[in-house]
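Chemist: Sequence:
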Amino acid sequence: MDGYATEHETVTMAAKRLIKELEKYRKEPSTAVASLEPSSDEDLFNLHARLRGPRGTAYEGGEWNLSITVPPTYPNSPPTMHFTTPICHPNVNFQTGEICLDLLKSSWTPAYGLVSTLEAVQQLLSAGGEPDSPLNLEIAKLLREGDLVGAESLVRLYTRMYAMG
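Position 69 of the sequence shown, counting from 1, maps to 70 under my numbering, and the rest follow consecutively.
There's no promise every hint is true.
Stated by the list, open to error - Below are the DSS-like pairs computed for lysine-lysine, each with C-alpha atoms no more than 27 Å apart in a straight line:
{"no.": "1", "residue 1": "Lys-106", "residue 2": "Lys-17"}
{"no.": "2", "residue 1": "Lys-25", "residue 2": "Lys-142"}
{"no.": "3", "residue 1": "Lys-142", "residue 2": "Lys-21"}
{"no.": "4", "residue 1": "Lys-17", "residue 2": "Lys-28"}
{"no.": "5", "residue 1": "Lys-106", "residue 2": "Lys-142"}
Hints listed in this document are in silico derivations from the structure and should not be mistaken for laboratory results.
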């Protein structure tokens, strides 16, 4: 085959990589990731994750569900991740859960895995986001105007409403 993997071989390589990553996560859990598992026993390429809110932030104490879809070309192509629990963040669309993070698009490399990508999403929450390229206009406006107290209050409110208990 002149060095090119068939579609079946590519899917098999992606599945092996996913199995290896999930086994590593089970042995060495991440403090950022409360859970990471396939959505069903039959489909390894659709996963469910639960992300913990970073300590020392308005997200602390919350846990958010994410849906992860892994392409057959993984790890050469990034997974698609979106929040299924509503979250208030300038770089997350409140309605769809879409995450604006370069790592999930142009900055992806096969060196990243699911856990390190979820940790990067948690880091995005810690950093407060980028209000100049927002997906959530309400909180981005508060941040651009310098209303940090208002922004933090809004995040705490949504964290209590949607991500606690």
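Chemist: Looking back at the numbered hints, which does the structure fail to meet, lowest number first?
Modeler: 2, 3
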